Amino acid sequence: MSAAPRTLHGSRVSLAHGSGGKAMKDLIDDVFVRAFGAPDNAPLEDQARLDIAALAAQGDRIAFTTDSYVVDPLIFPGGDIGTLAVYGTVNDLAVGGAVPRYLSCAVIIEEGIEIDLLRRIAGSMATAARRAGVEIVTGDTKVVPRNACDQLFVTTTGIGAIRRGRDLGVTRARPGDVVVVNGWLGDHGAAILGARGDLRLDSPIESDCAPLHELIEVLLAAAPGTRCLRDATRGGVATVVNEIAAASGVAIELDEERTPVRPEVRGFCEILGLDPLYLANEGKLVAIVPAAEAVAAVAAMAAHPLGTHTVALGVVMDPWDPRDPRDPRDPRDPRRGRAGRVTMKTRLGGHRLVDMLVGEQMPRIC
Amino acid sequence: MKYIDEFRDRDRATSLIIEIARVLGRIPLTRDRPLKIMEVCGGHTHSIFRYGIEGLLPPSLELVHGPGCPVCVLPIGRVDDGLSIAAHPEVIFTTFGDAMRVPGSHRSLLQAKAEGLDIRMVYSPMDALALARRHPDREVVFFGLGFETTMPSTALTILAAAADRVCNFSVFCNHITIVPTLQALLDSPALELDGFLGPGHVSAVIGTSPFRFVAERYHRPFVVAGFEPLDVLQAIWMVLLQIEQGRADVENQYARVVATAGSRQALDAIAQVYELREHFEWRGLGSIDRSGIRIRRAFAAFDAETKFVVPNARVADPPACQCGDVLKGVLRPQECKMFATACTPETPLGALMVSSEGACAASYHYAGARLTEGSGHLRVVR
Chain A
4 MSAAPRTLHG SRVSLAHGSG GKAMKDLIDD VFVRAFGAPD NAPLEDQARL
54 DIAALAAQGD RIAFTTDSYV VDPLIFPGGD IGTLAVYGTV NDLAVGGAVP
104 RYLSCAVIIE EGIEIDLLRR IAGSMATAAR RAGVEIVTGD TKVVPRNACD
154 QLFVTTTGIG AIRRGRDLGV TRARPGDVVV VNGWLGDHGA AILGARGDLR
204 LDSPIESDCA PLHELIEVLL AAAPGTRCLR DATRGGVATV VNEIAAASGV
254 AIELDEERTP VRPEVRGFCE ILGLDPLYLA NEGKLVAIVP AAEAVAAVAA
304 MAAHPLGTHT VALGVVMDPW DPRDPRDPRD PRDPRRGRAG RVTMKTRLGG
354 HRLVDMLVGE QMPRIC
Chain B
1304 MKYIDEFRDR DRATSLIIEI ARVLGRIPLT RDRPLKIMEV CGGHTHSIFR
1354 YGIEGLLPPS LELVHGPGCP VCVLPIGRVD DGLSIAAHPE VIFTTFGDAM
1404 RVPGSHRSLL QAKAEGLDIR MVYSPMDALA LARRHPDREV VFFGLGFETT
1454 MPSTALTILA AAADRVCNFS VFCNHITIVP TLQALLDSPA LELDGFLGPG
1504 HVSAVIGTSP FRFVAERYHR PFVVAGFEPL DVLQAIWMVL LQIEQGRADV
1554 ENQYARVVAT AGSRQALDAI AQVYELREHF EWRGLGSIDR SGIRIRRAFA
1604 AFDAETKFVV PNARVADPPA CQCGDVLKGV LRPQECKMFA TACTPETPLG
1654 ALMVSSEGAC AASYHYAGAR LTEGSGHLRV VR
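Top line first, the protein sequences correspond to chains A and B. Per the numbering used here, residue 4 is the first one in the first sequence, and the count goes up by one each step. Per the numbering used here, residue 1304 is the first one in the second sequence, and the count goes up by one each step.
If we strip away everything but chain A, and leave its shape as in the complex, we get (with noise of 0.2 Å):
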């Protein structure tokens, strides 16, 4: 960066910011470079320049991955769409196993909005971007005409470089592993719908966003025969838990005593008829660990500050247990067999099964 970025003149992103033109390049580097700094190696280029050695010198394999955020309103508590943005991305990179390294930014701007929001959510990136240990190094900035877009809309993508001899996939949950979650579920989604503020619930909780890519460093130096890792985000932990379930082809249980819901949660999942295994959460990962290395995974976890929840939710079980004598009675049940099925034992003793969601969590009438 050569010279300090200019102060833009007024308090609201206008159509002329999107222009190509004075306005947005004063837009970008007001909001934006002054954020996030500009890249040493390609100050003024469309494109960033990334170094192959060095990425290479962190692992064999480059981890990519591309998300959008939209979110109302975009600023909750805990957090805001600035930080989903970076986080959400560092945890997709994270989960495969790789060291985030590099964020695109590209935010799609309603005009009218308010300058300053948009400072705000720019240092947000910029502040999660430190924790995270990535560097945010090209963008793109679009505005448009007012209700073209709900406000901001931003999309990052990442890189990042996945160590050599780490294998997670999907579909190497195995019977007998054991499901691992770090802590209380339902805090993002509830911190969301909290803040919404039609529920008219004067709720304190806080979204639970967070960069997971230490706490997987130190599960899978605890437990390097992880199968699978996985950020638990829309559609919370069961929606997660029946993907590696179906990929892997195997039945997974679930134990509603071990479920780590807050209290806070809870109350707020009682009066809406919500249940929190299906809510949002930005900071929470579900690891399938081999039974052997369970009891050092939930330990290791547990040891970290993103961890002190962290609890054996679950076991994988086989899916075609012959001595099972309790299959689906009726042999039209499509669900016979339990290749993919997922339930929950439940308080009482008694067993559910956990679906996928059709659609929304709707609240229930009465």
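None of these hints come from the bench; they were simulated from the model. As the structure is a prediction and not an experimental result, all values here were calculated from the model. Heads up, some of the hints might be wrong.
[To be verified] Just some of the chain A residues that point at chain B, by a computed CB distance under 7 Å:
| # | residue |
| --- | --- |
| 1 | Ser-71 |
| 2 | Val-73 |
| 3 | Pro-263 |
| 4 | Pro-266 |
| 5 | Thr-349 |
| 6 | Arg-350 |
| 7 | Met-365 |
[Claimed, not checked] Chain A residues, not near chain B, derived (Cβ > 12 Å throughout):
| # | residue |
| --- | --- |
| 8 | Asp-32 |
| 9 | Thr-68 |
| 10 | Arg-122 |
| 11 | Ala-249 |
[Unchecked claim] Some chain B residues close to chain A (C-beta under 10 Å, calculated; not the full set):
| # | residue |
| --- | --- |
| 12 | Ile-1307 |
| 13 | Arg-1311 |
| 14 | Glu-1357 |
| 15 | Leu-1536 |
Virtual Cβ for every residue (Gly too), placed ideally from N, Cα, C.
Since chain A is already given, all that's left is putting chain B on it; use the hints.
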């Protein structure tokens, strides 16, 4: 969590289950079928599946999931009528979330919303009224749904709108009352039910005496029950005790919420705002006399059926649909020909597959889940 965990206590549940088995063992099962108890209310169905209660009960006892899910029994024609109101450009159509997916003859509210109608989810009719105050240039219509549980809140909202003269608010009233429907069920020749768990929240409004006819005229035990798992188990035990002792009474397990006389204020609001319809269509059960509620003429200004021309569509249920037999307890959800084949939660044909409280959706989501205890590994880790 206080006032919740006590009612989900495993040890107490185990004692109740043992007690249930003991009483059941003393009841001579003369017929070649299990004893059948119907839980009337969808909230009970939800709890029963949510906690896996069915799998904990002896096989000689069967729970039949009743018609008490207001979303499930909403007929196709009324969804179509609601959509015709929502199609007016000035209308903001508001609804409880779980009505969004109920299929009409061509589309659901959710699909209509995607096609551009202004349909919004609210958590209470008061939210809809607030919306009307914020948008004086629009007509805000609330899709009034539910049994006596939700009737008072809609009535109080109409009273509030009337008091403040909020002229751009109205209710598309589809409230229904459970008593005539229970009676229709009890009159059904195919009925195989030995007792009932009564609806807890409906009874909190109307009290327990309106259910006396079940015991007196039809000689079936009727126990008003709460919604936590221990409530449900205790109420089942109370029904079984009555059967064992050859009694048929109305009893109240949910006394911490339900007063024998119900709630005076709620009943007053209901009486002030509503009157009975001659008949009302139920999905799966057909037309039932005096089971529907409409808004009194005095409040016509808040009645969407007066404000708008409603086609009054009567649309037959899909012919292959066996919801009626499931509702009567003649068929179990899994025994319906369409269950999990043509009719799934993604593409519900019948009403019972729609709401999470519907017997079929609940069976689909939660049942079939009895597995071996593979939890040995869990004990080693903390």
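task = Enumerate the violated hints, using their earlier numbering and listing them in ascending order.
result = 1, 2 and 3
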